[in-house]
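Sequence lines, in order, name chains H and R.
Here the working numbering is used: the first residue of the first sequence is 1463, the next is one more, and so on.
Here the working numbering is used: the first residue of the second sequence is 66, the next is one more, and so on.
For the record, the hints were derived by calculation from the structure and aren't laboratory data.
C-beta atoms are modelled at their ideal positions from N, C-alpha and C, and glycine is treated no differently.
Warning: the hint list may mix true and false statements.
Just so you have them, the derived chain H footprint on chain R, three or more residues with Cβ under 8 Å [said to hold, decoys possible]:
(1) 70-79
(2) 105-113
(3) 200-206
In silico lysine-lysine, DSS-like type, Cα no more than 25 Å apart, as pairs [claimed, not checked]:
(4) Lys241/R <-> Lys257/R
(5) Lys245/R <-> Lys1642/H
(6) Lys1670/H <-> Lys133/R
(7) Lys1499/H <-> Lys1530/H
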Amino acid sequence: MEHAKQIGGDVSELLRAFVFEGDETAYEQLCMLALQKVPHLLAYAKSCGVPESDAEELVHDALWDALKPEALHALWKKHGERADLYTHLFIKLRGRISTYKRRMQRRPRHLSFEGLSGTRREPISEPTMHATNLTADDKALFWQAVNECLNNELDVQILWLATRTDAHEERSGKRYTLKKVAEMLCISHDNARQRWCGATQKLRSCPKFYQVCREIGLISDGGKNHA
Amino acid sequence: MRELITHEELMRILAAIQSEQEPSQATLQAAAENQSRRPVKLPEPIDLEIWVDPDSSGTVLCLTGGEKWKGALVQCQWNTIAKPSTNEEAAKSVQTAEPVHIFLLMPQEASNGQCQAVVTLEQLRLETIPAVARIVPRYADPEILRSRLQSAALKPSAKELVDWIDANLRELEGTKHRDKWTTLRKELEAGKCS
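Could you put the whole structure together from the sequences, leaning on the hints where they help?
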């Protein structure tokens, strides 16, 4: 309990510093505190019936939601010094889990996640998604769009490496884990996870990336809002 | 910001891209058996050509990259390794899951916009294209780099690494790892990172 109080106290001070002074160091410390909770968040996601292969990504998405500056501002506005970062994280995760479950219920049986492999969600390919239809120009366009959208050489490399199949595990189709990606780039695993979440979030919202994916046939029906 | 595609759609897109990103191990091995090893060209934004040539005594690795690779500190990692042997069949069959990684420095000079580094790894028969990463000084953690350097099968000399740090000091100004870079530089100069 002492420990919890200590952390709670720190959190409100850090939140205050970030919200009122824009203190970047305070923000980084909040991120670090949030990352310490990842094992608990993962356990929670799994206890809600989320498969292990998907739980990590949901937790990362939840962290991304929770640590957005506007989300922290809203947290302070609502709760002030009584703001609880961990409750905030769990609320965001619950939201992600609910969305995930709704999506799974809507998903046709042949597109279920049961046959997926790997540490991040790696859906089975649909006919329209086969890369064999892609020309070298298509692939160049794709990576150019990724490059322009992310506009950061580290993020591009993370994405590139994370989509690389580990030759040793080629039969299982497993991609490079973010831990391996982090080792390759000499950054921390947490940093790689955060940047992966940020990069995928950016791509999902990037009109240019969306447009290129449509042009080269990687999105057949116009994305989620057109499904 | 409005999300245009779902996470699942993005993962499916990345899986599709992944399937053609690099040639498979089987393809490479088939090429090796046919004595027709060709460089593997990784397109933009990586823009790097990789050539791996194993023989009974070791492996030659050749990297050829564009402007962005000039002077870069590069880490290559193989996760499947065939141990060298005088017996060709045995060499093909003996494999270990223990990954091997190396560091190399790309030259500062480019020819026709291309810079090239060639290294030989003695006693290691490497049949696959390695994963390749360019270390980004602004984000890299010197403590992790130090640890990786210590376990690397091949790496630049301490002096070359000190020169690389010096060449990137301006980029490192104001980064949170600035002091750690200074420490690593001192350790390299003192020969403590071998």
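How the hints compare with the structure:
1. Under the rule that three or more residues need a Cβ within less than 8 Å of chain H, the assignment of the region 70-79 of chain R holds, with 10 such residues.
2. Only residues whose C-beta sits within less than 8 Å of a C-beta in chain H count toward coverage, and the region 105-113 of chain R has 4 of them, enough to reach three; the restraint holds.
3. Only residues whose beta carbon comes within less than 8 Å of a beta carbon in chain H count, and the region 200-206 of chain R has 6; three or more means the coverage holds.
4. Note on Lys241/R and Lys257/R: the hinted pairing holds, with a Cα-Cα distance of about 23 Å set against a maximum of 25 Å.
5. With a CA separation close to 22 Å, the supplied pair Lys245/R and Lys1642/H stays within the 25 Å bound.
6. A threshold of 25 Å between alpha carbons decides the hint, and for Lys1670/H with Lys133/R the separation of about 24 Å falls inside it, so the pair holds.
7. Straight-line distance between C-alpha atoms of Lys1499/H and Lys1530/H comes to about 17 Å, which keeps the hinted pair within the 25 Å bound.
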